[in-house]
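Asker: Letter by letter, the chains look like this.
There are 2 protein chains.
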Amino acid sequence: MALVVQKYGGTSVGNLDKIANVAKRVILTKAEGNDVVVVLSAMSGETDRLIQLAQKAAEEPDPREYDSLISTGEQVTVTLLAILLNRMGCPAKSFLGFQVRVRTDQAFKKARIVDVDTDAIRAELKKGVIVVVAGFQGVDPENNITTLGRGGSDTSAVALAAALKADVCDIYTDVDGVYTTDPNICSNARRLSRITYDEMLEMARAGAKVLQPRSVELAKKFNVPVCVKSSFTNEGGTLVTREEMDMDMEKEVVAGVTYDRDQAKITVIHVPDRPGVAARLFTPLSQHNIIVDMIIQNASIQGHTDLTFTVSRKDIREATRIISQVVQEVGAEKLEVDDNVAKVSIIGVGMISHAGVAALMFETLAREGINIMMISTSEIKVSCVVEAKYTELAVTVLHDAFGLGKEN
Amino acid sequence: MALVVQKYGGTSVGNLDKIANVAKRVILTKAEGNDVVVVLSAMSGETDRLIQLAQKAAEEPDPREYDSLISTGEQVTVTLLAILLNRMGCPAKSFLGFQVRVRTDQAFKKARIVDVDTDAIRAELKKGVIVVVAGFQGVDPENNITTLGRGGSDTSAVALAAALKADVCDIYTDVDGVYTTDPNICSNARRLSRITYDEMLEMARAGAKVLQPRSVELAKKFNVPVCVKSSFTNEGGTLVTREEMDMDMEKEVVAGVTYDRDQAKITVIHVPDRPGVAARLFTPLSQHNIIVDMIIQNASIQGHTDLTFTVSRKDIREATRIISQVVQEVGAEKLEVDDNVAKVSIIGVGMISHAGVAALMFETLAREGINIMMISTSEIKVSCVVEAKYTELAVTVLHDAFGLGKEN
Numbered sequence: 002m003a004l005v006v007q008k009y010g011g012t013s014v015g016n017l018d019k020i021a022n023v024a025k026r027v028i029l030t031k032a033e034g035n036d037v038v039v040v041l042s043a044m045s046g047e048t049d050r051l052i053q054l055a056q057k058a059a060e061e062p063d064p065r066e067y068d069s070l071i072s073t074g075e076q077v078t079v080t081l082l083a084i085l086l087n088r089m090g091c092p093a094k095s096f097l098g099f100q101v102r103v104r105t106d107q108a109f110k111k112a113r114i115v116d117v118d119t120d121a122i123r124a125e126l127k128k129g130v131i132v133v134v135a136g137f138q139g140v141d142p143e144n145n146i147t148t149l150g151r152g153g154s155d156t157s158a159v160a161l162a163a164a165l166k167a168d169v170c171d172i173y174t175d176v177d178g179v180y181t182t183d184p185n186i187c188s189n190a191r192r193l194s195r196i197t198y199d200e201m202l203e204m205a206r207a208g209a210k211v212l213q214p215r216s217v218e219l220a221k222k223f224n225v226p227v228c229v230k231s232s233f234t235n236e237g238g239t240l241v242t243r244e245e246m247d248m249d250m251e252k253e254v255v256a257g258v259t260y261d262r263d264q265a266k267i268t269v270i271h272v273p274d275r276p277g278v279a280a281r282l283f284t285p286l287s288q289h290n291i292i293v294d295m296i297i298q299n300a301s302i303q304g305h306t307d308l309t310f311t312v313s314r315k316d317i318r319e320a321t322r323i324i325s326q327v328v329q330e331v332g333a334e335k336l337e338v339d340d341n342v343a344k345v346s347i348i349g350v351g352m353i354s355h356a357g358v359a360a361l362m363f364e365t366l367a368r369e370g371i372n373i374m375m376i377s378t379s380e381i382k383v384s385c386v387v388e389a390k391y392t393e394l395a396v397t398v399l400h401d402a403f404g405l406g407k408e409n
Numbered sequence: 002m003a004l005v006v007q008k009y010g011g012t013s014v015g016n017l018d019k020i021a022n023v024a025k026r027v028i029l030t031k032a033e034g035n036d037v038v039v040v041l042s043a044m045s046g047e048t049d050r051l052i053q054l055a056q057k058a059a060e061e062p063d064p065r066e067y068d069s070l071i072s073t074g075e076q077v078t079v080t081l082l083a084i085l086l087n088r089m090g091c092p093a094k095s096f097l098g099f100q101v102r103v104r105t106d107q108a109f110k111k112a113r114i115v116d117v118d119t120d121a122i123r124a125e126l127k128k129g130v131i132v133v134v135a136g137f138q139g140v141d142p143e144n145n146i147t148t149l150g151r152g153g154s155d156t157s158a159v160a161l162a163a164a165l166k167a168d169v170c171d172i173y174t175d176v177d178g179v180y181t182t183d184p185n186i187c188s189n190a191r192r193l194s195r196i197t198y199d200e201m202l203e204m205a206r207a208g209a210k211v212l213q214p215r216s217v218e219l220a221k222k223f224n225v226p227v228c229v230k231s232s233f234t235n236e237g238g239t240l241v242t243r244e245e246m247d248m249d250m251e252k253e254v255v256a257g258v259t260y261d262r263d264q265a266k267i268t269v270i271h272v273p274d275r276p277g278v279a280a281r282l283f284t285p286l287s288q289h290n291i292i293v294d295m296i297i298q299n300a301s302i303q304g305h306t307d308l309t310f311t312v313s314r315k316d317i318r319e320a321t322r323i324i325s326q327v328v329q330e331v332g333a334e335k336l337e338v339d340d341n342v343a344k345v346s347i348i349g350v351g352m353i354s355h356a357g358v359a360a361l362m363f364e365t366l367a368r369e370g371i372n373i374m375m376i377s378t379s380e381i382k383v384s385c386v387v388e389a390k391y392t393e394l395a396v397t398v399l400h401d402a403f404g405l406g407k408e409n
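Chains as they are written, first to last, in the working numbering: chain C, 2 to 409; chain F, 2 to 409.
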C-alpha cells in the first residue's frame, strides 16, 4: 500500500464533468489499495476572473485581500470533488490551507511554505478517507490567507508529498509528460520517460510551463519522486527523479530545448565602474521581489561600463521605475529597455561531461543569422537571448542540431 | 463616537458598482466619527449558483463540503469591499468566520452561533481600521466551516453587534423598512417607523422576509437596537427595539398583516388517542431539524383523532417519509399531504389589551368566502391557514379591516 499525492491542474477540473473524471481516477487509485491525497487548482479561467475582479476594484488591490479573494477558486473545486467522491460512496474530506495547516510566510501573492502540519490529514487517511487539499493557498502566522503565486498548486502538492513522506507525487496536467521541446513548435518533439530534478528545474526556469520551478526545487530537496501525467489519457508520463547510476547509459547530451517569451531586457548605459554599484542596482529590485534572470557587464572602458539584465515582462514597469532612480544616484548615463526579446535554452546533465555543446548551439544559431544578445550558462544549461521574432526558428534548429526529434 | 454595525444584503452588493456604493456609505459613517463594522452577504444570485453547482454534483451533497463551498460567496464580497475601501484611502480589513472567530455548533447548513471572539476586531477598530466581516459563516470546534442557513447574515450582524456591544445594528436591504404588509399586494401599505422585537419576530416568523427570525430573537435577547434601511435611498427606516413606555400612545392594535406561501399541511388520519403518540410523531421530525409550525388535534372520537400540522415546503418530502414510518408504528390509518395552502397572519402588541381582534379577522375572511383550515394564536398574533389562491385577497381585506393603509 502506497501513499499517493495527486495534483490536478485547472484544465483537469475546468467543469463539473471534468471533476467527475478526476473523481473516477482518484477512486481507481484508492481501489488499488493506496492512501490518496488530492491537491486541486481552481477551475481554469476562474483565478483570472477573480484577478480581473480585484483589478477592476483597484489598480493595485490590497495584497492581503487579493489573496483571500483569489483563494476562493480552489475552495470551490476541492469541495465539489469531495461532494462527488462522497456521492460515489468514497468517503472524502476537503481541507483548505488554514485547515491543513499549510503555514507560510507573509509575502502575499507569492508566499513561501514554512511547514505543513500533517496530523489532521494522517488522521483522515487512517480512517480510509480520501483527503482533498486546496492548492495554491496557506495561512500566515496571523491567520491571514496567503497564496503561493502562479502555479503554486504544484508546490502545494510537492510540499504535502514531502511532509507526508508520500511514495509518489503525480502531477496531472493537460500534456502527457515533459517533451524535448514544445510540440507546437517542433512536431517531432519527443516525450521524455525520465528526467532529473536539475534538468527539470532548468527547463522550468528556462520557460517550460509543465511544472513550477519552486515545486521542482522542493521535490529535489526532499527527494520526492514527481510524475507528470495527463489527466485525459492513461498513457505516457515523465518521471522526475534524482540522477541514478543506472539511468540511461546512452542518454542524449541535451535533454530538451526551451524558450521563454516572458523576457524584457534593461541596459544601464555608462555606469561608473566602482565597487558597490551592482549592489546599488540590484538590491532595490530584490527588495521589490523582482527576479533578475541574466546579467551581463561589459569590459570597463575609462572607468565606465554598460550593464544589461533581464526581468519578467510583468515586472518591467516597476523595474524601470526603480532603476531610473538609481541611474541618477550612481551617475550612470541612461537606461534602455527592450521587451522584444526571448530566451532560448538547451538543457541536459550530459553537458557536464561533453565539450562543445555551447559551441554547437552558437554555431547553429549563427548559421541561421540569429544574433545572440546575451548568453548565460550553468553546468547543465546554456541560454541565449535573441530577438523575439526568431524564437520558433531557434528552437527548431537547435532541436534538430542536438538530435532530439522522434525517429521517423 | 458610536460603534455601528452595518449589514448589507445580496442585492446591495450585487456587483462591483453596488459594492462601491456600499463603500461610500461606509466611509460616510466612518467620517461622522463612528467605528464601523460591516457585515456582507454574497452577491445576489451567487449563493443560489453555488447551491445549484453542489446539487448538480450530488442530490444530497455532503453537508460539511456544501457549507465550505457556499461560504465562498461572502469571501468574494468582503475582500472586494476591503479592496475598494483601501483604494479610497480608508484602511479596511476583511475577516472570514474562522478569522474572527465566529464559533458555531456543528449543525452544517443551519449552524447556531455559540460565541463571537471580538479581540481581533477590537484591535483593528482601535487602529481606525474598518472591519468587514463575512456574514452567514462560522467555524465549528474542529475548524470546519459552517453556515447559518438562509438569511444568516442578519444573524451574523446582530451577533457581532451584541458581542461588540454596538450602539446600533443597521440592516441595509432593498426595501426602506418594515411595512404594514407587502406593498406588492396592498399599494397603500405603510412603512412603520418603529416596531417591537416581539412584533418583528412574529412578522418574520409569519412570513415577512425583511429579517431572519433568529436575528430578531438574538437582538431581543441582547437588546440590540436594529434599524432596517434601504441601501439605495437615505429616507425611511424602521427601528426595531424593545417596547418602551412612551411608544406611540395611540398605536394601532394591529401592526401588520403577513403571509407565507412556504407552507405544507400534513394530516395523520385516525390516530389512536393515547399518551405518547404526539411525541412519537414529532420527536423524529425535530431530530431531523424539521420545524413544525402549527399543530391541530381534533376532539377524540372512539379513542381516535386526526392530527394536522404544517411544515416548510422544502421539508415536505423528508417529513412525509419520516411520518409514513411512524403512521404504521402507531397504528394510524393514513397520511394526507396538501401543499396548496398559505398562512395569513395579523400581528400587534396591542392585541394583548384589545378583545375581539381574532373575531374581526375570522369575520373578515368569512365575508369573502375564505375557508379557514387551521388557526393558531399567540399573545400578539393570529394566524390562519387558507387555500393558497386566497392569499392576496385575504391580505388585502385584513389590511383594510384593521385600518392599516395610508390615508389618502
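Take the hints with a grain of salt, since some may be wrong.
The list treats identical chains as one, so a pair stands whether inside a single copy or across any two.
Claimed, not checked - The calculated DSS-like cross-link candidates involving lysine-lysine, where the alpha carbons are at most 25 Å apart (straight line), are:
#	residue 1	residue 2
1	Lys31	Lys57
2	Lys222	Lys390
3	Lys335	Lys111
4	Lys57	Lys19
5	Lys222	Lys110
6	Lys57	Lys25
7	Lys31	Lys222
8	Lys222	Lys19
9	Lys335	Lys127
No lab work stands behind these hints, which were simulated from the structure alone.
Asker: It remains to establish, for every hint, whether it holds in the given structure.
Answerer: Hints versus structure:
1. In this assembly of identical chains, the alpha carbons of Lys31 and Lys57 lie at most 25 Å apart only when taken from different copies (24 Å versus 43 Å within one copy).
2. Taking the shortest alpha-carbon separations for Lys222 and Lys390, neither the intra-copy value of 37 Å nor the inter-copy value of 72 Å comes in at or below 25 Å.
3. With identical chains, the CA atoms of Lys335 and Lys111 are never at most 25 Å apart, being 31 Å at best within one copy and 64 Å at best between copies.
4. For a Cα distance limit of 25 Å, the shortest separation of Lys57 from Lys19 across copies, 13 Å, qualifies, whereas the shortest one inside one copy, 30 Å, does not.
5. In this assembly of identical chains, Lys222 and Lys110 lie within 25 Å of each other by CA distance solely inside one copy; the values are 23 Å within and 43 Å between copies.
6. Taking CA atoms no more than 25 Å apart as the test, Lys57 paired with Lys25 passes between copies only; the shortest distance there is 17 Å, against 38 Å inside one copy.
7. Proximity of Lys31 to Lys222 under the C-alpha cut-off of 25 Å is found in neither arrangement, the shortest distances being 27 Å within a copy and 50 Å between copies.
8. Proximity of Lys222 and Lys19 under a CA criterion of 25 Å is satisfied in neither setting, with 33 Å inside one chain copy and 49 Å between copies.
9. In this assembly of identical chains, Lys335 and Lys127 lie within 25 Å of each other by CA distance neither inside one copy nor across copies; the values are 63 Å within and 47 Å between.
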